[in-house]
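Engineer: Given only the sequences and the hints, what does the whole structure look like? Please build it.
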Amino acid sequence: MLAEIRIDGLGVISKAAAQFHEGLTVLTGETGAGKTMVVTSLHLLSGARADAGRVRLGADRAVVEGRFSTANASARVVAEVDRLLESTGAERDEDGTIIALRTVGSDGRSRAHLGGRSVPAGALSELTGPLLTVHGQNDQLRLQRPDQQRQALDEFGGAPIGSLLDKYRSQRAEWIEARDELAERTRSSRELAQEVDRLEFGLNEIAAVAPQPGEDLSIVADVRRLSDLDSLRSAAADAQVAMLGGAAEADGIDGGADGVGALDLLGEARTRIESSDDPALTALAPRLAEAIAVVTDVSSDLTGYLADLPSDPGALDTLLNRQAELKTLTRKYAADVDGVLEWADQARERLSKIDVSAEALSALAARVDDCAAAVAVAAAALSQARTKYAVKLGKAVTTELGGLAMGKARLEVTVQPLVAGAQDAAPLTVDGRELHAGSSGVDEVEFRLAAHSGAQALPISKSASGGELSRVMLALEVVLAGAEGSATMVFDEVDAGVGGRAAVEIGRRLARLARTHQVIVVTHLPQVAAFADTHLVVDKVDGRKAADSGVRTLTDGERVVELARMLAGLDNTQTGRAHAEELLATAKAARSE
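Going by our numbering, the letters in the sequence shown line up with residues 24 to 616, in that order.
By construction, these hints were calculated from the structure, which means they are not laboratory data.
Hints may be right or wrong, so weigh each one.
Just the calculated beta-carbon pair ranges, DEER-fashion [claimed, not checked]:
1. Leu503 / Thr576: 45 to 51 angstroms
2. Asp454 / Gln167: 45 to 51 angstroms
3. Lys350 / Ala388: 45 to 51 angstroms
4. Ala443 / Glu197: 20 to 26 angstroms
5. Arg213 / Glu457: 26 to 32 angstroms
List of simulated lysine to aspartate or glutamate pairs, EDC-like, C-alpha gap at most 20 angstroms [claimed, not checked]:
6. Lys485 / Glu467
7. Lys38 / Glu109
8. Lys485 / Glu469
9. Lys376 / Asp245
10. Lys350 / Asp245
11. Lys415 / Glu469
12. Lys350 / Asp361
13. Lys355 / Glu372
Please read these numbers as outputs of a predicted model, since none were measured by experiment.
Glycine is no exception: its CB is placed at the ideal position from the N, C-alpha and C atoms.
Structural biologist: Spelled out as structure tokens, the structure:
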């Protein structure tokens, strides 16, 4: 429920606060006092679009703060709210309530806070969705729309219709996907055949070359070595001669004139040192031994290097030809060989999904027919359920209208097939029958009202006056409210165009609805205000610079004065106050029944 609301700088209200309680709360005040601003503030707390024009003249910003309690909410609602708080990092206040805040700057910028955390405005909508429902006069206009009437019927049907609707939507989505794929396959069969030829040609060309991963890079290195083969061989041979001397000559490598190499000289040095009697000199022998071992290892590596150098004079040409083959592939398919191999993998995967054969199209067409049949079955079950609940909804609303001074009125809820051209309806032919499958079924739901006995039931958009439409909407809300309470319902002058006994009955129904819901009503009718558990009034004071309004809770005595004022401005007359007291007594007696 809504526990409290604070408003700063919104419209004619510079600063106001109001506390709300369980039951029925009415909000009254003279025209232009700012009652609408209270409803506007609730819309802002519900995540509605911010309007800088609502900021009070001369103020930098408008601030609306609401305090919500889930103490009496259902387990489902509490779980939804807790998930939202956890996902946003918001926290409850010390008393367990949740504080939501919306700020609108004079420049149109808006900020939202929930439980002390900055959040998107959509998070406020998620909070108030299960906790708060605001009904204004625009809802009466929306009630005339077929989609709203269908939605009301589905809400009345609850889980039975909801599960059938989910199944229908799933089947419809599968059918549309298959239908669109068949249309695309049929339309682009030539393009697909050309794509198959192109992919197969590329795969055959790549297979003929058979590139290996990283081969292009290794060939570049090999070509560089072969291009410098003579200089590499000479450098390695000279290095080996320098180390081995005569031994290199024995291996067929020219060792020069003296034939003495580093290894010979190191061996001679080691012999001379080891033959010395001086310990300081002989101590150098191990180090010479290490040098000899290193030279021996290097000379062995040089021998292997020389042995590995290609001796075939045509090896370079072979590598260059292979490199040319690889470059042909990289020019066509990717920047390098690895990219070419990746292209080939993707081409094979794409080919596995392309089938332009007549058999494939026939199989897909059969799948479309099967999906269409499944949609028709799901649609029929949904239509049957809607027809069943349409009768129940019509009777329930008619009963409520009887208590709203429309005892001879009758509401009929009809379920008819959607016609061609309906919004988002896709034509569907099954067994020679043509249906129009919309996103919410193949049905068009229409509310028809017979305003009095013997009258023909006509669409409410044509047959209901403003007052009658208000009562139909209220009756529908009472019916849809069901047994589950805890939600806060706000009605903004939904009693417009109503008076007399009908106004009394509206007040009675609102009081009855307040047994299971917190109900807040902005009204101009004293007959409705008399049924309130809590009566708030919006007062306006005209100042020098701008009008200013505030919200206050009325005592029993003040309620009499306010009701007398609402009775054609009779607050200063004894007759008006007597009439107001009579209204309060009548409402009290009616509520105790």
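Engineer: Could you run down the list of hints and mark each one as holding or not?
Structural biologist: The hints, checked one at a time:
1. The supplied range of 45 to 51 angstroms is broken by Leu503 and Thr576, whose beta-carbon atoms lie about 30 angstroms from each other.
2. Checked against the given bound of 45 to 51 angstroms, the beta carbons of Asp454 and Gln167, roughly 35 angstroms apart, lie outside it.
3. Separated by about 46 angstroms at the C-beta atoms, Lys350 and Ala388 satisfy the suggested range of 45 to 51 angstroms.
4. At about 23 angstroms, the beta-carbon gap between Ala443 and Glu197 stays in the expected band of 20 to 26 angstroms.
5. One distance hint, 26 to 32 angstroms for the beta-carbon pair Arg213 and Glu457, holds here, with the actual separation near 31 angstroms.
6. For the given pair, Lys485 sits about 17 angstroms from Glu467 by alpha-carbon distance, which is consistent with the 20 angstroms threshold.
7. Taking the CA atoms of Lys38 and Glu109, the gap is about 32 angstroms. The hint is violated against a cut of 20 angstroms.
8. The hinted pair formed by Lys485 and Glu469 meets the criterion: a straight-line CA distance of about 12 angstroms does not exceed 20 angstroms.
9. Pair hint Lys376 plus Asp245 does not hold up; C-alpha atoms about 41 angstroms apart against a cutoff of 20 angstroms.
10. For the proposed pair Lys350 and Asp245, the alpha carbon gap of about 16 angstroms is at most 20 angstroms, so the pair holds.
11. As the CA atoms of Lys415 and Glu469 are separated by approximately 14 angstroms, the hinted pair is consistent with the 20 angstroms bound.
12. For the given pair, Lys350 sits about 12 angstroms from Asp361 by alpha-carbon distance, which is consistent with the 20 angstroms threshold.
13. With a C-alpha separation of about 19 angstroms, the suggested pair Lys355 and Glu372 falls inside the 20 angstroms cut-off, and the hint holds.
The structure is inconsistent with the numbered hints 1, 2, 7 and 9, although it conforms to all the rest.
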